[in-house]
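A.B. asks: Going line by line, the protein sequences match chains B and V. For the first sequence, this note's numbering gives the first residue as 1, with consecutive numbering after it. For the second sequence, this note's numbering gives the first residue as 220, with consecutive numbering after it.
Any given hint could turn out to be false.
Unchecked claim - Straight line, CA to CA, 25 Å or less: simulated BS3-like cross-link-like pairs of lysine-lysine: (1) LYS351(V) - LYS261(V); (2) LYS117(B) - LYS450(V); (3) LYS292(V) - LYS351(V); (4) LYS124(B) - LYS287(V); (5) LYS121(B) - LYS291(V); (6) LYS5(B) - LYS359(V); (7) LYS261(V) - LYS124(B); (8) LYS117(B) - LYS292(V); (9) LYS124(B) - LYS359(V); (10) LYS117(B) - LYS403(V); (11) LYS292(V) - LYS170(B); (12) LYS117(B) - LYS14(B); (13) LYS351(V) - LYS378(V); (14) LYS261(V) - LYS121(B); (15) LYS403(V) - LYS124(B); (16) LYS124(B) - LYS262(V); (17) LYS441(V) - LYS169(B); (18) LYS262(V) - LYS156(B).
For the record, the hints were derived by calculation from the structure and aren't laboratory data.
Each chain, letter by letter, is given below.
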Amino acid sequence: MALDKNQIAKRIAKELKHNYYVNLGIGIPTLVANYIPEGIDVEFQSENGILGMGPFPFEGDEDADLINAGKQTITTLPGASFFDSAFSFGMIRGQHVDLTILGAMEVAENGDIANWKIPGKMVKGMGGAMDLVASAENIIVAMMHVNKAGESKILKRCTLPLTGVGCVKKVVTELAVLEVTPAGFRLLERAPGVTVEYIIASTEANLIIDGEIPEMAID
Amino acid sequence: MINKKVNNVQEALQGIENGMTIMLGGFGLCGIPENSITELVKKATTDLTCISNNAGVDDFGLGLLLQKRQIKKMISSYVGENAEFERQMLSGELEVDLIPQGTLAERCRAAQAGIPAFFTPAGYGTEVAEGKEVREFNGKMHIMEHAFNADFAIVKAWKGDEAGNLVFKGTARNFNPCMAGAAKITIAEVEELLPAGGLDPNEIHIPGILVNRIFQGEKYEKRIEQRTVRKIF
């Protein structure tokens with residue numbers, strides 16, 4: 001069965017490593033913070049200027065001066081720090097942030113990502129996405145494998161205006177975990193009960209399939 | 220001590236004229252110079268080019284200037300929360316330059332620090348790179364971006380002193396420190412203005428040399444854009 005958004009977040013959370021600094025994008029990536037594995041310490045960075053971001057506040061504790069990059073009210077955890085926007089992107093560009101998790105409209109087998117603009121529709125802007133994808137060493141994309149019309153968003157080449165080139169390392173969708181290799185997408189895992197054939201049929205890009213493909217462990 | 224204090228927002232905003240380029244601090248509605256924006260609406264200054272990460276919401280922040288059609292051009296990274304903005308943009312009344320957020324911040328910082336241009340990987344291979352110089356450094360492609368050239372920077376801080384020193388609170392810091400000193404004249408509005416000596420020099424985020432005029436804002440609404448709370452199970 002295809003994963004729901006929380007299960008995608010749960011699977012991505014398994015990619016978190018001890019002492020990682022992590023930037024979470026808006027949408028599914030934000031949910032990853034709910035599933036940090038036991039015994040793993042991570043700090044979340046939000047590009048509007050905070051490290052050590054904590055959960056949403058309890059009602060009544062909201063502070064207008066304390067928000068994340070999605071403009072939601074947040075809290076701080078012990079060890080947190082604030083800094084300005086230039087400094088924040090300095091630590092991103094300087095590759096001090098270990099992992100970036102973000103959403104996408106399309107990802108291609110050469111690692112290109114498109115997630116900011118659909119021609120003919122109102123363009124809201126790229127925010128910090130272009131800086132993040134151009135700079136981060138490790139980028140995981142959380143996205144739906146197919147769009148509402150059933151068309152693959154995992155492509156040979158992106159059709160939408162790009163956010164960044166050759167930057168995505170891994171993709172987790174409701175159907176599969178894919179690794180971006182110099183030879184294209186390698187199928188690493190499949191959602192519980194989803195067949196390899198179904199994933200192939202749902203994917204426009206070619207998939208490298210070596211041997212038995214294990215099911216994702218979602219507990 | 221060089222005294223940067225002005226008596227009120229009217230005095231602080233003197234010299235802002237039609238057609239000028241103004242930087243305004245803030246991320247969403249967090250850390251925006253509320254009192255100065257209200258005064259700009261009253262002054263009815265038009266044809267402004269505004270450099271600001273976002274464009275406010277319909278009835279707050281830069282949305283107030285958009286409502287009165289005072290903005291000719293917006294230079295931002297994300298403008299999603301504003302229906303009037305969308306209407307003006309789609310009808311062609313408003314010119315919009317969307318640039319990556321880190322590039323926006325660095326173009327402010329470069330102006331502040333006397334760096335005319337710099338190379339960044341952000342936007343390489345995308346439409347942001349069109350017409351820009353491309354260079355490879357350490358095996359990675361970069362594009363050249365220029366420092367901003369603005370007439371006024373309007374920043375908002377939590378506390379300040381008469382020498383123009385500033386202290387920010389929480390994530391209301393955002394673009395404000397990058398914009399201080401990044402324009403010909405910098406105006407700082409603060410929630411609390413102290414006499415010189417009222418701030419511990421060890422804890423000052425931006426020194427007064429980057430600020431030309433400072434005043435205490437009359438009132439702060441500090442609206443929350445996305446009030447999000449934890450569920451209690």
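A.B. asks: Between LYS292(V) and LYS351(V), does the CA-CA distance stay at or below 25 Å?
C.D. replies: holds (21 Å)
A.B. asks: Is the Cα-Cα distance between LYS124(B) and LYS359(V) 25 Å or less?
C.D. replies: violated (28 Å)
A.B. asks: Between LYS124(B) and LYS262(V), does the CA-CA distance stay at or below 25 Å?
C.D. replies: violated (29 Å)
A.B. asks: Quickly compare the C-alpha distance for LYS5(B) and LYS359(V) to 25 Å and report which way the hint goes.
C.D. replies: violated (34 Å)
A.B. asks: Need the status of pair LYS351(V), LYS261(V): alpha-carbon distance at most 25 Å?
C.D. replies: violated (39 Å)
A.B. asks: Straight-line Cα separation of LYS441(V) and LYS169(B) no greater than 25 Å?
C.D. replies: Violated, at roughly 40 Å.
A.B. asks: Would the hint linking LYS117(B) and LYS403(V) be met if the CA-CA limit is 25 Å?
C.D. replies: violated (34 Å)
A.B. asks: Is the straight-line distance between the alpha-carbon of LYS262(V) and that of LYS156(B) 25 Å or less?
C.D. replies: Outside the cut-off at roughly 54 Å; violated.
A.B. asks: Holds or violated: LYS124(B) with LYS287(V), Cα cutoff 25 Å?
C.D. replies: holds (21 Å)
A.B. asks: Assess, step by step, whether the Cα of LYS351(V) is no farther than 25 Å from the Cα of LYS378(V), and give holds or violated.
C.D. replies: Not OK: LYS351(V) and LYS378(V) at ~40 Å, beyond 25 Å, violated.
A.B. asks: Check the hint pairing LYS403(V) with LYS124(B) against an upper bound of 25 Å on the C-alpha distance.
C.D. replies: violated (30 Å)
A.B. asks: LYS117(B) and LYS292(V): Cα distance at most 25 Å?
C.D. replies: Distance of about 20 Å is within 25 Å: holds.
The structure fails hints 1, 2, 6, 7, 9, 10, 11, 12, 13, 14, 15, 16, 17 and 18 (numbered hints given earlier, in ascending order).
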